[in-house]
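Colleague: Chain by chain, the residues run as shown.
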Amino acid sequence: MNHPMDHLLRTDRLPHIWCPGCGIGTIVSCCIRAIEESGIPEEQFVTVSGIGCTSRAPGYINLDSFHTTHGRAIPFATGLKLANSRLKVFILAGDGDLFAIGGNHIIHAARRNVELVVICVNNFIYGMTGGQVAPTTPVGGITSTSPYGNFEHPFNLVYLTAAAGAVYVARWTTLHVHQLKRAIGEAFNKRGFSFIEVISPCPTEYGRKNRKARGIDIMKYFKEKSVIKRDIDLSTGSFGKLTDIKLDGEIVCGKFVDIERPTYLDKLEELKTVVSISLK
Amino acid sequence: MNTEFLKGEHFVQGNIACAEGAIVAGCRFFAGYPITPSTEIGEHMAERLPKLGGVFVQFEDEIASIAAILGASWAGVKSMTATSGPGFSLMNENIGLGAMMEVPCVVVNIQRGGPSTGLPTMEGQADVMQARWGSHGDYEIIAVSPNSPQEIFDLTIEAFNLSEQYRVPTIVLSDAAVGHMTEKVKFRTPEEVKITPRRYTTLKPGDYLPHKPDSDLVPPIIKAGDGYRIHTTGLTHDERGYPVMKEEAQGRLVRRLVNKIRKNANKIIRVEEIDTHNADVVVISYGITSRIVWSGIELSKRKGIKVGYLRLITIWPFPEAMVRELSNHITGFVVVEMNLGQIFYEVERCSAVKTLLVPHAGGGFHKPEEISQAIEEVAKKRK
Ligand SMILES: Cc1ncc(C[n+]2csc(CCOP(=O)(O)OP(=O)(O)O)c2C)c(N)n1
Ligand code: SF4
Numbered sequence: 001m002n003h004p005m006d007h008l009l010r011t012d013r014l015p016h017i018w019c020p021g022c023g024i025g026t027i028v029s030c031c032i033r034a035i036e037e038s039g040i041p042e043e044q045f046v047t048v049s050g051i052g053c054t055s056r057a058p059g060y061i062n063l064d065s066f067h068t069t070h071g072r073a074i075p076f077a078t079g080l081k082l083a084n085s086r087l088k089v090f091i092l093a094g095d096g097d098l099f100a101i102g103g104n105h106i107i108h109a110a111r112r113n114v115e116l117v118v119i120c121v122n123n124f125i126y127g128m129t130g131g132q133v134a135p136t137t138p139v140g141g142i143t144s145t146s147p148y149g150n151f152e153h154p155f156n157l158v159y160l161t162a163a164a165g166a167v168y169v170a171r172w173t174t175l176h177v178h179q180l181k182r183a184i185g186e187a188f189n190k191r192g193f194s195f196i197e198v199i200s201p202c203p204t205e206y207g208r209k210n211r212k213a214r215g216i217d218i219m220k221y222f223k224e225k226s227v228i229k230r231d232i233d234l235s236t237g238s239f240g241k242l243t244d245i246k247l248d249g250e251i252v253c254g255k256f257v258d259i260e261r262p263t264y265l266d267k268l269e270e271l272k273t274v275v276s277i278s279l280k
Numbered sequence: 281m282n283t284e285f286l287k288g289e290h291f292v293q294g295n296i297a298c299a300e301g302a303i304v305a306g307c308r309f310f311a312g313y314p315i316t317p318s319t320e321i322g323e324h325m326a327e328r329l330p331k332l333g334g335v336f337v338q339f340e341d342e343i344a345s346i347a348a349i350l351g352a353s354w355a356g357v358k359s360m361t362a363t364s365g366p367g368f369s370l371m372n373e374n375i376g377l378g379a380m381m382e383v384p385c386v387v388v389n390i391q392r393g394g395p396s397t398g399l400p401t402m403e404g405q406a407d408v409m410q411a412r413w414g415s416h417g418d419y420e421i422i423a424v425s426p427n428s429p430q431e432i433f434d435l436t437i438e439a440f441n442l443s444e445q446y447r448v449p450t451i452v453l454s455d456a457a458v459g460h461m462t463e464k465v466k467f468r469t470p471e472e473v474k475i476t477p478r479r480y481t482t483l484k485p486g487d488y489l490p491h492k493p494d495s496d497l498v499p500p501i502i503k504a505g506d507g508y509r510i511h512t513t514g515l516t517h518d519e520r521g522y523p524v525m526k527e528e529a530q531g532r533l534v535r536r537l538v539n540k541i542r543k544n545a546n547k548i549i550r551v552e553e554i555d556t557h558n559a560d561v562v563v564i565s566y567g568i569t570s571r572i573v574w575s576g577i578e579l580s581k582r583k584g585i586k587v588g589y590l591r592l593i594t595i596w597p598f599p600e601a602m603v604r605e606l607s608n609h610i611t612g613f614v615v616v617e618m619n620l621g622q623i624f625y626e627v628e629r630c631s632a633v634k635t636l637l638v639p640h641a642g643g644g645f646h647k648p649e650e651i652s653q654a655i656e657e658v659a660k661k662r663k
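These protein sequences, in sequence, are chains H and W. Residue numbering for the first sequence follows our numbering, starting at 1 and increasing by one per position. Residue numbering for the second sequence follows our numbering, starting at 281 and increasing by one per position.
I should point out that these hints are in silico values taken from the structure, not numbers from a laboratory. Careful, some of the hints might be misleading.
Pairs of lysine to any residue residues, derived as SDA-like cross-links and limited to a Cα-Cα distance of at most 20 Å, are as follows [to be verified]: (1) W:K484 - W:K503; (2) W:K492 - H:N62; (3) H:K272 - W:L332; (4) H:K272 - W:Q338; (5) W:K503 - H:E43; (6) W:K287 - W:F467; (7) W:K526 - H:I228.
Start from the sequences and build out the full structure, keeping to the hints where you can.
Modeller: This is how it looks when you write it as structure tokens:
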């Protein structure tokens with residue numbers, strides 16, 4: 001039997017590798033629906049990832065898809081986009097991939113305002129390598145490399161990307177499928193660097209170690225603790241502590257930045273005009 | 281330097297000649313991070329590419345630079361990065377990705393003395409093995425080794441051609457001496473040189489598989505966004521590009537990646553040979569060192585020794601068969617290189633005769649006497 005989304009999936013690769021209760025599949029389906037609803041020709045979409053559970057996602061999506069090295073999806077995608085400005089390039093990768101090993105690349109891509117849509121699956125842990133501490137693990141979180149509870153201050157991904165210059169920044173959980181799909185759609189239509197953090201369950205690694213062994217327990221936590229805030233505008237620079245995530249604490253969701261700013265390619269086109277005029 | 285392509289003869293630095301060669305080859309995307317002694321290549325590209333409709337990006341590091349040129353190449357644009365030893369070390373993980381994804385692109389390494397930060401402004405030739413095996417796993421790349429500004433111009437074009445022909449990252453392995461030396465360069469325009477076009481598939485989407493090779497073991501390529509909907513990965517994959525975690529798939533893929541270079545080696549390899557067929561001793565060298573060996577050879581010739589000269593122009597793949605063949609009718613080899621033995625071991629394994637290394641740790645050049653002494657020592661074997 002065919003599913004209406006099959007044409008955007010590599011059905012010949014299914015079943016996928018993800019665990020029961022994992023949130024990544026939900027995020028993939030939000031992406032696919034956003035692509036369908038965008039009205040942009042499917043062929044124009046290209047998806048890139050690094051390494052990790054999340055980074056396997058592009059392999060299941062039936063578009064030109066590139067599974068690269070750990071942490072390097074953003075510069076690879078930047079090459080694609082700058083070499084062919086017609087492409088709609090989006091990245092699906094984990095919090096470890098994008099903010100630990102790839103941390104330098106994400107802040108620079110946001111600073112340059114390269115037109116990319118980055119969808120970061122934040123499960124608070126390294127899934128694929130077996131549950132080690134991530135730069136997003138909340139203080140107190142138990143992982144295989146923080147067995148006594150994490151004591152490092154975690155990154156706040158929405159502050160970080162907003163501060164680095166992203167023109168679109170939002171955070172949702174996998175419970176908020178409608179909002180997530182809409183956010184991805186908005187990002188596809190944004191000119192510039194868009195960042196969407198999706199808080200996602202990893203029952204196998206994070207849940208098991210932190211008293212939420214089943215996907216459903218994590219979804220209950222999302223339901224109880226997530227609050228949607230519509231009045232936070234991180235583009236103004238008044239960051240406060242509004243969106244910090246603490247262990248078992250509130251998850252503030254919403255759209256935090258939605259601004260316009262010339263993209264890298266806009267600036268490059270300007271430059272090309274200037275130099276071609278100087279040639280004459 | 282405002283015209284589209286430089287014409288005629290100019291007195292320029294090797295690094296500038298390298299950048300101009302890339303432009304003639306069709307490179308329109310350059311990503312890099314500054315490092316001595318390669319910096320002028322990026323600086324020159326920053327000036328030239330916007331005028332030619334191309335893209336120059338100075339990235340946050342070398343890792344981003346190599347990743348970006350792989351992406352740009354998949355988007356259908358010939359791309360290049362340039363660096364020196366420490367940056368080359370950082371690039372190696374993604375050179376492996378380029379080998380695995382079969383991405384045509386050019387990486388220039390203007391070598392300096394190492395290891396580590398070593399001698400930033402001074403020449404070295406000690407990244408020879410890193411160029412070949414720098415990334416983890418089994419793979420083969422192509423590397424060329426120019427010995428003059430003219431040759432770095434010509435060989436950069438050649439590097440693009442080879443990388444397009446074999447869908448493999450190709451390395452221009454030069455050094456601080458060639459990069460910073462200023463000499464006369466005859467620039468050629470794209471009409472005057474051979475430019476190998478990208479080998480795009482003629483198949484329709486649906487019929488095309490990104491890693492299904494032609495009879496020469498090289499698969500044709502596509503451009504992202506053209507509707508082929510391919511998947512490609514650094515994981516072990518099948519012809520569709522889908523990951524397959526099986527011994528059989530690993531064997532098939534890795535053997536092909538290696539064999540597409542090894543089995544085509546005779547078509548790839550270029551050397552310069554002088555008097556080798558009537559020599560007792562053959563001096564083997566490459567890059568800047570190949571210009572130093574002449575004074576050593578002259579000294580020995582004056583003493584009546586028959587000395588031949590073999591210069592590696594493509595350094596990888598290594599001209600194994602040629603060295604074996606030579607070894608059948610000479611007394612011995614002398615390998616002169618600016619490291620403590622890298623190509624020496626390659627020669628030694630192919631040689632049935634006495635083989636001496638004249639090493640140098642970098643940051644200066646061999647003395648002619650060291651070379652002639654080695655030649656004479658090998659020649660003595662004859663008696
Ligand atoms: C250079 C390098 N270092 C380490 C690894 C091992 N590794 C694979 S996935 C991963 C972490 C992935 O975590 P995250 O990005 O959070 O993704 P998740 O699996 O949770 O979706 C690591 C460290 C690697 N593949 N490459
Ligand atoms: S380990 Fe966690 S992130 Fe990875 S597939 Fe399983 S549940 Fe998902």
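Colleague: Is the straight-line distance between the alpha-carbon of K287 of chain W and that of F467 of chain W 20 Å or less?
Modeller: 5 Å, holds
Colleague: If you draw a straight line from the CA of K526 of chain W to the CA of I228 of chain H, is it 20 Å or shorter?
Modeller: Violated: K526 of chain W and I228 of chain H sit about 46 Å apart, past 20 Å.
Colleague: Check whether the Cα positions of K484 of chain W and K503 of chain W lie no farther apart than 20 Å.
Modeller: 12 Å, holds
Colleague: Between K503 of chain W and E43 of chain H, does the CA-CA distance stay at or below 20 Å?
Modeller: With Cα atoms ~11 Å apart, K503 of chain W and E43 of chain H stay inside 20 Å; holds.
Colleague: If you draw a straight line from the CA of K492 of chain W to the CA of N62 of chain H, is it 20 Å or shorter?
Modeller: 19 Å, holds
Colleague: Given the hinted pair K272 of chain H and Q338 of chain W, is their alpha-carbon gap at most 20 Å?
Modeller: Given that 20 Å is the threshold and the Cα spacing comes to 16 Å, the pair holds.
Colleague: Are the Cα atoms of K272 of chain H and L332 of chain W separated by 20 Å or less?
Modeller: 8 Å, holds
When the structure is compared with the earlier hints, a violation turns up for hint 7 alone.
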